[in-house]
Amino acid sequence: MSRNKKPNQPGTAGVLGRLIRMLFQFYPVMMPVVVVCIIFNAVVSSLPSIFMQNVIAAVEVSWQSGDWAAVSGQITELVLLLAVFYILSLIACFTFNQMMAIITQGSLAKLREKMFNGMQDLPIRYFDTHNHGDVMSYYTNDIDTLRQMVSQSFPQLLLSTVMVLTVFGIMVYYSLWLTLVVMLGVVLMTLVVRKVGGGSAKYFIRQQQALARTEGYIEEMMNGQKVIKVFCHEEASKEGFDAINDALFSDAEKANRYANMLMPILMNIGNVLYVVVALVSGVLLISGAPNVSISGMAFSISIAVPFLNMTKQFASNIGQVSNQLNAVIMGLAGTRRIFALIDEQAEEDEGYVTLVNVKETADGSLEECEQVTNMWAWKQPGENGGFTYTRLTGDVRLKDVDFGYVPEKTVLHDVSLYAKPGQKVAFVGSTGAGKTTITNLINRFYDIQSGTILYDGIDIRNIRKADLRRSLGVVLQDTNLFTGTVMDNIRYGRLDACDEECIAAAQLAGAHDFITRLPQGYDTPLSGNGASLSQGQRQLLAIARAAVADPPVMILDEATSSIDTRTEAIVQRGMDALMTGRTVFVIAHRLSTVKNSDAIMVLDHGRIIERGSHDELLALKGTYYQLYTGALELD
Amino acid sequence: MLKVLAKSIREYKKPSLLAPVLVSGEVVMECIIPFLIANLVNQIKAGCSMDVILKYGLILVVMAALSLTFGALAGSACATASCGFARNLRKDMFYKIQDYSFENIDKFSVSSLVTRLTTDVTNVQNAYMMLVRTAIRCPLMLIFAFCMAFYMGGRLAFIFLLVIPILVFGLVMVISRAMPLFRKVFKKYDALNNSVQENIKGMRVVKSYVREDYEKKKFSVAAEDVQADFTKAERILAFNAPLMLFCIYTVMVFVMSYGSYTVITSRGLDLDVGQMSAMITYSFQILMSLMMLSMVFVMITMATESAQRIVEVLSEESSLHNPEHPIMEVRDGSIDFDNVSFKYSKTASRMSLSNVNLHIRSGEVIGVIGGTGSSKSTLIQLISRLYDATEGTVKVGGVDVRAYDLEVLRNQVAVVLQKNVLFSGTIKENLRWGNPDATDAEMEEACRLAQADEFIRQFPAGYDTYIEQGGSNVSGGQKQRLCIARALLKKPKILILDDSTSAVDTRTDALIRQAFRQFIPETTKLIIAQRIASVQDADRIIVMDGGAVSAIGTHEELLHSSEIYREVYTSQNKAGDDDVQE
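These protein sequence lines are chains F and B, in that order. When the letters of the first sequence are read in order and numbered with our numbering, they come out as residues 1 to 635. When the letters of the second sequence are read in order and numbered with our numbering, they come out as residues 636 to 1217.
Just so you know, the hints here were simulated from the structure itself, not pulled from any lab data. If you're wondering where the values come from, they're calculated on a predicted model, not measured in any experiment. Virtual Cβ for every residue (Gly too), placed ideally from N, Cα, C. There may be inaccurate statements among the hints.
Footprint (simulated), chain B over chain F, 3 or more residues, beta carbon under 8 Å [to be verified]:
hint : stretch
1    : 82-90
2    : 95-102
3    : 116-122
4    : 273-285
5    : 598-607
Selected chain F positions facing chain B (in silico; Cβ < 10 Å) [what the hints assert, rightly or not]:
hint : residue
6    : Met136
7    : Glu215
8    : Met222
9    : Phe231
10   : Ala236
11   : Tyr258
12   : Asn309
13   : Gln380
14   : Pro381
15   : Ala531
16   : Leu627
Modelling step: build the complete structure from the supplied sequences, incorporating the hints.
Shown next, in the form of structure tokens:
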């Protein structure tokens, strides 16, 4: 649980305070009611001692005479009063338990949603720099520890604290001497909790870390299971696992041993305390030493008996508190991480230019309209409150662009290029040359450090990110499909597309053939990122998804790398037809993919070193020529 | 199911049995202590001497010490037993998975295996701990407290006959209603978390299509659904506490009223004040035990789902077996397919490979070409017996592959898989997968053949460079070449490259093939590729189409005879620029 410790993180009290404030915000009515009910309940649970004292006192008076009638009125009254309290306590107990069930699940759902919604607005940088498994564990492990803490630990802690205080009050009311004896026991218990409980907390955190390591190892091995088989490496992999598994066992055993031992120790300190209290009461009774108490009552058996019960209650409540210790420690660690995710800075967007559908009026000017017209325009607020419309043509220009993912390391140097409407522009270069980086900049997954990027003459920083991205279709090398049917996945490109449009897009992308051969065709459910499909088939679906979105500008980043060249040719024909008159950026390893582009940029170490058409570049006999003839390594 | 699980207890049988025994000791103490205290209270009341009180006190302290010792030892034994059981479960599962065949591996997704080995084992571990601790404790406590209550309270104890059925009935109602709900909601919860995972992985797609709001809405619907079900289940479970309290209160009121009545009317003969307070203690114990039992029941029921998933892994039988008298030597690198057909699952209607007949001589270089989904990979996976042919026989060195010892066969038939992975560790450690005893010179030799030596030397740490998990710190082409080198270290008689140079540039690709020709001429080489250039100089090229061999021959022959081959060739060599082809 000690991942990503950042400097100046808030203290434990800060996290706890914020969580409690949040619970009150979520449930401004229920939370106070719960608190009141718990306190009431705790106080009432401590009351029987008083009633018992009174009842026993009454019994004391007359048991030797056997005269029931003499005390029946008094006892009946006491018992009835007690019953009334009990009924109230039952109502309170029922109310707060029901409410806590609602509050816990409701707060978790709200937190989950807060996390998820916040996460949607985070910049891509966050996902590029954080391990996905770590992010995932916010939703699973951390939320689970929080559930335990909110639903069980919090009420228990409040209940026990109030009970300890009430019981303490009653004790002082009856006898100061005995209270002092109990206090001594409490000090001892606190020491034990600190020692043993502290040990258990330490090992629980270690166990959590060991578990994460084990999970990591298992995941790596399971992912490479087929390679393990091919190399007959099973024995070595078992050995590696044993070492990690044994370490986990050792931490888990210690953590649980400490935790398991805590209760018997506390309980028996409670027992000894019980005995000591009995002894001291005996001494007090026999010696007839003067009692010191708030009530001023003389010491008697009717004080001693309920006092013994209170001692038991006291001890068991301390036990209860300490039992929640691990849950609270782990819960707060989880809460801290959840807050860290919620507090993560959202992607900023200061753009004001929006994308709208337009139609051309008779005089050639543009008019905004609701329906889909296949014609888009950038809507810019003008000086006098009106709007100006710039037709979207897909003219993209980069001027003197410098960029680095971290400020210290520039990966793009002084890149200038232009893609005229209707052109197909290709990027070629080795891994790390900056091809994908350029596309990351055009759709503003990252912002450039210097220079400008103009889209139809508008600085892309002024365009609202959502509209900018809507105007760009992107197909990436690593395809991500979502759980749902094939049809759902294609429709992801445009949510209001009808079945026919999706099928048409699939045909265009060359995916129709294989889809119809699937067991349920377009209704075949996909899960686990389309695990049942081959990498090439997944790419075809991703292209179909982009095709149904029908964007004015398309970016294909190694989009056909796993598709065989024959199918690729079909896909390319389809895409060329779709993108006639629109701008396309292509990144590909395979030179046959980029050959027919209008302009090819050869990138090397973040600089454009050659540009031109395929024929021009060959004639140049430079890097591209060498790549093409296989004289140069592309890696 | 229990039988399968119980097999994993092994060396932890002792603590597993010891814990309940120790717990019994603790329970006995816990029950006797209130009894003695009741006596003590009576003695005090009767005005006994200090000696008597001290004597009782001493006995009680000794008993508390015993109880503490028993309790602490039981807790410790129980921790060992449950954690040890969990350790063995993880170990057994992991070992079992190592023995899985490809077919078995295909059945489970990686993420589901990870969950089974972690979360599910933890659930079972916790349930086991509860079981060991409370299986004896609660019933024993119940019986003991019952006897004591009857012994001390006499008629008063009959109140339990009234209260306990109410409690048991209530608990059963609560559990029987909540459990199915929980089971249902946990499935939904899993699905919810799955969709979060997809969202995180696909964030680029989400943002590219500006689907943030759509995703939020989708999540919100699912999250609220989960919340509603969870709340319903938890609210049912929340009846437990008031129910318990109700029973305690009933007993208390009863003891105080009827108890006082009995004490007074019998003049302390049937019941005295000390017994009265002991009654209350016992009633707590009885009711708490019942409550605990119901908790244990809930936990165990919840864990059964996890246990079921664990057992699935443990009882999955490997579909590939070593023959009884395996052949330990592969004679040469010849490969024969005789009427081979194959499908991935018994229920599949379509054959992935149908009626393949192939005869490859030892030392031949064979290219394999075909479209996406033409079963090229399937074909070669039968050779090293990653899967068994459904019909027909596959022979290596003239012998049915099923007759070989698996390890011998796989060491002689090296496959570089399409979806290949490197493991976290140094380059050397990764290379040694091919041969644990490889010398540095051998490793460098293999890397030179795979054209990897040059770039490895450029790393600051050279061959000791640490490879991150999944090989994320080397490029795709470098990874592929390291994988080839790793396979070469086996010095196999047959080498199969399944699209293993797709990220390697054409020149390096050619150099690798040239090195193969020059340095390992006697090894049979099968090369699956997308690029015609990667296979056109092979001795023969197999053209696959829809799970069948469509054509076979040399590059020149196929250009004339195979339409598919010609199309692939043209798609890669369009527009009359043959002058720049190598």
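Each hint tested on the structure:
1. Here's how the stretch 82-90 of chain F fares: 5 of its residues keep a CB closer than 8 Å to some CB of chain B, so the rule of at least three is met and the hint holds.
2. Counting residues of the stretch 95-102 of chain F whose beta carbon lies closer than 8 Å to any beta carbon of chain B gives 5, which meets the minimum of three for the stated coverage.
3. Note: the stretch 116-122 of chain F has 5 residues with beta-carbon separation from chain B under 8 Å; the three-residue rule is met and the coverage holds.
4. Residue count for the stretch 273-285 of chain F with a Cβ under 8 Å from a Cβ of chain B: 9. That meets the three needed, and the coverage hint holds.
5. Coverage of the stretch 598-607 of chain F by chain B is violated [criterion: at least 3 residues with CB-CB distance below 8 Å; count 0].
6. Because the beta carbon of F:Met136 sits about 5 Å from the nearest beta carbon in chain B, less than 10 Å, this interface hint is met.
7. Look at F:Glu215: its Cβ gets to within about 5 Å of chain B, closer than 10 Å, so that hint holds up.
8. For F:Met222, the interface hint holds, since its Cβ comes within 10 Å of a Cβ in chain B; the closest pair sits about 4 Å apart.
9. At about 5 Å, the closest approach between the beta carbon of F:Phe231 and any beta carbon in chain B falls short of 10 Å, and the interface hint on this residue holds.
10. Because the closest C-beta pair between F:Ala236 and chain B is about 8 Å apart, less than 10 Å, the hint holds.
11. A hinted interface residue such as F:Tyr258 counts as satisfied when its beta carbon comes closer than 10 Å to some beta carbon of chain B; here the least separation is about 8 Å, so the hint holds.
12. The criterion of a C-beta within 10 Å of any C-beta in chain B is met by F:Asn309, whose closest approach is roughly 7 Å, and the hint holds.
13. Of the supplied interface hints, the one on F:Gln380 is violated, with its beta-carbon coming no nearer than about 19 Å to a beta-carbon of chain B, more than 10 Å.
14. At a threshold of 10 Å, the smallest CB-CB gap from F:Pro381 to chain B is about 21 Å, leaving the interface hint violated.
15. Evaluation of the F:Ala531 hint against chain B yields a held restraint, the C-beta minimum of about 7 Å falling below 10 Å.
16. With a cut of 10 Å, the hint placing F:Leu627 at the interface with chain B holds, because the nearest CB-to-CB distance is about 7 Å.
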